[in-house]
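Given the sequences, and given the hints that come with them, work out the whole structure.
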Amino acid sequence: MEAPAETLADDVVVLRRWKPEQLETLTAVAGDSAEHLGAWMSWATRGYGRDEAAEFLENTAKNWADGKTYDFAIFAGGEVVGGSGMITHPDRIEIGYWLSRRHTGRGLVTRAARLLADEAFRLGAPEVEIRHDENNVASGAVPARLGFTLTGDEAAEPPLAPACAGVNRIWRLKRP
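Under UniProt numbering, the first residue of the sequence shown is numbered 1, with each subsequent residue one higher.
Some clues are possibly wrong.
Once the Cα atoms are required to be at most 25 Å apart in a straight line, the calculated DSS-like pairs of lysine-lysine come out as [as the list claims (entries may be wrong)]:
1. 19 x 68
2. 174 x 62
3. 62 x 19
By construction, these hints were calculated from the structure, which means they are not laboratory data.
Below, the structure written as structure tokens:
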């Protein structure tokens, strides 16, 4: 499979591939929201600083080159407001997302997820998947708004973030 475009956009949201020069931006945005994010994402449970951001940017560059994951900064109004990405599987592409605490509730993640799903289908994926903890109702509203079908639940693999129930909801959308 070819790599996705490095920039995806609609009239409100722009997704751009994370670059090493965004170290300070990623540190600030994720660090400022670590408590908010850490409730649901194990990578933020102990805070999020420069070392974590540097490790992420190094890993994302390697994974992009290897065709494993494709991670994007979410921009709205010219500023980074979160992150999103695509994880490749042999039979599907899984997408994920997070937003800073100051930018939730405005439909930005729904727009980002739509852009990623459209790109996954352009690349030939037969279906797109979104997973979230059953307690994370806000995250689950995204695939529901986009027409995904809830296909089941499964036990989450540790480590779990504090607010997580340990059951992942699995949503899928088949190629149109």
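To see whether the hints hold, each was checked on the structure:
1. Taking the CA atoms of residue 19 and residue 68, the gap is near 17 Å; set against the 25 Å cutoff, the hint holds.
2. Of the supplied pair hints, the one linking residue 174 and residue 62 is violated, its CA atoms being roughly 29 Å apart against a limit of 25 Å.
3. With a CA separation close to 11 Å, the supplied pair residue 62 and residue 19 stays within the 25 Å bound.
When the structure is compared with the earlier hints, a violation turns up for hint 2 alone.
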